[in-house]
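Q: Protein chains in written order, with this note's numbering: chain A, 1 to 153; chain B, 1 to 308.
I should point out that these hints are in silico values taken from the structure, not numbers from a laboratory.
Mixed in with the good hints there might be a few duds.
Stated by the list, open to error - Think about it this way: if two alpha-carbon atoms lie no more than 25 Å apart in a straight line, the pair counts; the simulated SDA-like pairs of lysine to any residue are:
no.	chain 1	residue 1	chain 2	residue 2
1	B	LYS164	A	HIS139
2	B	LYS203	A	GLU132
3	A	LYS119	B	THR88
4	A	LYS121	B	LYS164
Unchecked claim - Far from chain A, by Cβ distances over 10 Å, these chain B residues were calculated:
no.	residue
5	GLN7
6	VAL72
7	HIS98
8	GLY130
9	GLU148
10	LEU201
11	CYS208
12	ALA218
13	ILE249
14	THR280
None of these values were measured; they are calculated from a predicted model.
The beta carbon of each residue, even a glycine, is placed where N, CA and C say it ideally should be.
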Amino acid sequence: MTDRPPEYKISAIRDGTVIDHIPAERTFDVVDILNLRAHPDVISLGMNLKSKQLGKKGIVKIAGRELTKEEVDEIAVIAPKATINIIKDFSVIKKEPVALPEHFSNIIRCPNPNCITNKQKISTLFHVVGQEPLSAACHYCERVVEEKEIVLK
Amino acid sequence: MAGTSFQGRDVISINDFSKEELLHVLSVAKKLESNPQPSLLKGKILASLFFEPSTRTRLSFASAMKRVGGDVIGFSQAETTSVKKGETLWDTIKMIEHYSDVIVIRHSVEGAARLSAEAASIPVINAGDGANQHPTQTLLDLYTILKEKGKLDNLTIGFLGDLKYGRTVHSLAIALSHFKTSIYFIAPEALRMPSYYIQELKKRKIPCRETSDLDSVAKQLDILYVTRIQEERFPDPLEYQKFKAGYRIDRSLLKISKPGIRIMHPLPRVGEIDPALDETPNAVYFRQAANGIPIRQAILALVLGKAK
Ligand SMILES: [Zn+2]
Numbered sequence: 001m002t003d004r005p006p007e008y009k010i011s012a013i014r015d016g017t018v019i020d021h022i023p024a025e026r027t028f029d030v031v032d033i034l035n036l037r038a039h040p041d042v043i044s045l046g047m048n049l050k051s052k053q054l055g056k057k058g059i060v061k062i063a064g065r066e067l068t069k070e071e072v073d074e075i076a077v078i079a080p081k082a083t084i085n086i087i088k089d090f091s092v093i094k095k096e097p098v099a100l101p102e103h104f105s106n107i108i109r110c111p112n113p114n115c116i117t118n119k120q121k122i123s124t125l126f127h128v129v130g131q132e133p134l135s136a137a138c139h140y141c142e143r144v145v146e147e148k149e150i151v152l153k
Numbered sequence: 001m002a003g004t005s006f007q008g009r010d011v012i013s014i015n016d017f018s019k020e021e022l023l024h025v026l027s028v029a030k031k032l033e034s035n036p037q038p039s040l041l042k043g044k045i046l047a048s049l050f051f052e053p054s055t056r057t058r059l060s061f062a063s064a065m066k067r068v069g070g071d072v073i074g075f076s077q078a079e080t081t082s083v084k085k086g087e088t089l090w091d092t093i094k095m096i097e098h099y100s101d102v103i104v105i106r107h108s109v110e111g112a113a114r115l116s117a118e119a120a121s122i123p124v125i126n127a128g129d130g131a132n133q134h135p136t137q138t139l140l141d142l143y144t145i146l147k148e149k150g151k152l153d154n155l156t157i158g159f160l161g162d163l164k165y166g167r168t169v170h171s172l173a174i175a176l177s178h179f180k181t182s183i184y185f186i187a188p189e190a191l192r193m194p195s196y197y198i199q200e201l202k203k204r205k206i207p208c209r210e211t212s213d214l215d216s217v218a219k220q221l222d223i224l225y226v227t228r229i230q231e232e233r234f235p236d237p238l239e240y241q242k243f244k245a246g247y248r249i250d251r252s253l254l255k256i257s258k259p260g261i262r263i264m265h266p267l268p269r270v271g272e273i274d275p276a277l278d279e280t281p282n283a284v285y286f287r288q289a290a291n292g293i294p295i296r297q298a299i300l301a302l303v304l305g306k307a308k
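Chain B on its own, in the form it takes in the complex:
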């Protein structure tokens, strides 16, 4: 059974998961959400190592751990640790593995989580390594789609915004390739999905099309996944303002889209979505963020051998 094989495992990249494993994590999350287990991880300690600040991810992991009875130690930025004094990541992990049962790491350098997993004899969970991976985000995105739509197959997903640098988009598109999905990538020319991913998806027989015009495809979409367009990606602030205005969505979208469309966003948003959409049943981004709790509980319980 797939479940038992999670014990002691690291969770570094969504690419390490088979379809069965993805579905298994989602089913454990569902069980924990409908039947909370406040002492499941009693006596277990999570070391939460945030070398780079990310308040929402850090709090989500801490809340997940505490709601299943576990304890949390750690730091929220590297300034306060010996890392600033030049200690290698390897040495830091070698020390901390004796203080805890599982490690969650966030780091600005790509590959830092994989290296930490090699250093540690206890499970390591990647909470974001630079522009590379953030697997629990991808899992909570999948969980949200499953909960909102009741299925992962036969869906059409649109990704909108910064698809060039958007880590969440790259990982979710790859995860969705395990299922029968069609994908639209909707972005300005300068922020198109990297061709490597398009080729990879085509290799996996996933129909995917690129466009810069949301209106022309809105009617097809079951899910619209919106991402933040970051100002620093644009050398010219005027260009940024232009893109921002062109890719902002509001209630007028609902007039031209499928009635059941669901709008997702990894948050924080900076103006991509009009707050007037928030109270529509189509807006799911806050529920999406809340889904991080059962997903992270499931991952923690699985790697610690407390869920099957």
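This is chain A alone, in the form it adopts within the complex:
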């Protein structure tokens, strides 16, 4: 891609997954979603890299790991413009944008403090009502959450 900034060098991985075009401030959320703190193999992180599309972006490279569909859906919620690159022997063999699911369960918190999901131990569920920017309605209290309000559960 032409928007890869040549001035930054983030060590390449031989086999694994590269998640690119993450909004810079969501980089560590991706780390959390994928539970990478416990990952035994190489991980390289880039943050606040220049991006034409996002201004500043984050990139996460994970050696020896493929993502499940559920994990990709979760990333889509906080990074709707992210791309997932599958790496084999240092080259990209597959590149795909994430796709926002229609509903997502137990990924984010409801920002309404008086919502039942914040009062009792139950899973959250949101229905996507708008894209670019993302907005989603809480299944329980019906509060509409805007993309910038999103906080992981």
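Chain A is already provided as a structure; the job is to place chain B with the ligand on it using the hints.
A: Below, chain B with the ligand alone, put in the same frame as chain A:
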């Protein structure tokens, strides 16, 4: 036919209703009102679970159920139940579903009704979940407009008062968006309709305008829906007094409004409407409250499969 699809259904949010379903509920209510059926729900038990007190809503449901021959059990505040002892709502509902055929729930927490509906295998009716939804109120509001005006299309509705926190206003505006209505939102700056709803209505091609001046739009209105301005919304009591005085309506309104204007209010009122208006044909708020009975009868009969 839409009617049969109500059997076993939960009634949680006005957003779950299509236009056809709204009209169907209103037509069943009309039939039950003109042709009462005192044993329609004979042998059926309603569990009336009021985790938060609301005397008028609780009594309206109980009266509706009894007038069609059903029984009512339940409680009127959570203090008396195991909920106070830390039982989860889920567990409470799981127990009570075996005691009754239908559940009505009122709760101060938003989303409590939807969660209860997931727990229960019997129909659950939301009688208010915090600031979120109170669908039978919205249905009785629609029913009132239909009865008073003979139609739901080609009407101009004004909402006056606390439009920021007013749950009834938010839900009724969304319900009205199924019909050809124009809406005026009349409120002080601090209590304006949330922009989310304005955008949603515009998306649905509903002409809606905002103003802080009732007099300037009174001539256009077929319906004026007045809501309570609650003192606790104002940090400064003087500000509250000022708003209260500015948004109080009395008989002088009738001199500048359409002759057929109808004035609605979800009640209780706290000074927004001069009682001198009560005996005018324009005041419909007491009839509006009475319309809760046929609407709740219709909902109970429909979800229990006893009305088509
Ligand atoms: Zn919520």
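Q: Next step is simple, just say for each hint if it's right about the structure.
A: How the hints compare with the structure:
1. Taking the CA atoms of LYS164(B) and HIS139(A), the gap is near 21 Å; set against the 25 Å cutoff, the hint holds.
2. Pair hint LYS203(B) plus GLU132(A) holds up; C-alpha atoms about 16 Å apart against a cutoff of 25 Å.
3. Simply put, LYS119(A) and THR88(B) have alpha-carbon atoms about 10 Å apart, close enough for the 25 Å limit, and the pair holds.
4. With a CA separation close to 29 Å, the supplied pair LYS121(A) and LYS164(B) exceeds the 25 Å bound.
5. At roughly 23 Å from the closest C-beta of chain A, the C-beta of GLN7(B) stays outside 10 Å, upholding its exclusion from the interface.
6. Look at VAL72(B): its CB is around 25 Å from the nearest CB on chain A, clear of 10 Å, so calling it non-interface holds up.
7. Interface exclusion of HIS98(B) from chain A stands, the closest Cβ pair being 21 Å apart, more than 10 Å.
8. The beta carbon of GLY130(B) sits about 5 Å from the closest Cβ of chain A, which is not more than 10 Å, so the claim that it is off the interface is violated.
9. Remark: the non-interface label on GLU148(B) is consistent with the geometry, its nearest Cβ contact in chain A lying 29 Å away (cut-off 10 Å).
10. For LEU201(B), the shortest C-beta to C-beta distance to chain A comes to about 14 Å, beyond the 10 Å cut-off, and the non-interface label holds.
11. No Cβ of chain A approaches the Cβ of CYS208(B) within 10 Å, the least distance being about 18 Å, so the stated non-interface status holds.
12. Separation of ALA218(B) from chain A is adequate, the least Cβ-Cβ distance of about 33 Å exceeding the 10 Å criterion.
13. For ILE249(B), the condition that its CB be more than 10 Å from all CB atoms of chain A holds, with the nearest at approximately 31 Å.
14. Residue-level check passed: THR280(B) sits 37 Å from the nearest beta carbon of chain A, beyond 10 Å.
When held up to the earlier numbered hints, the structure conflicts with 4 and 8 and fits the remainder.
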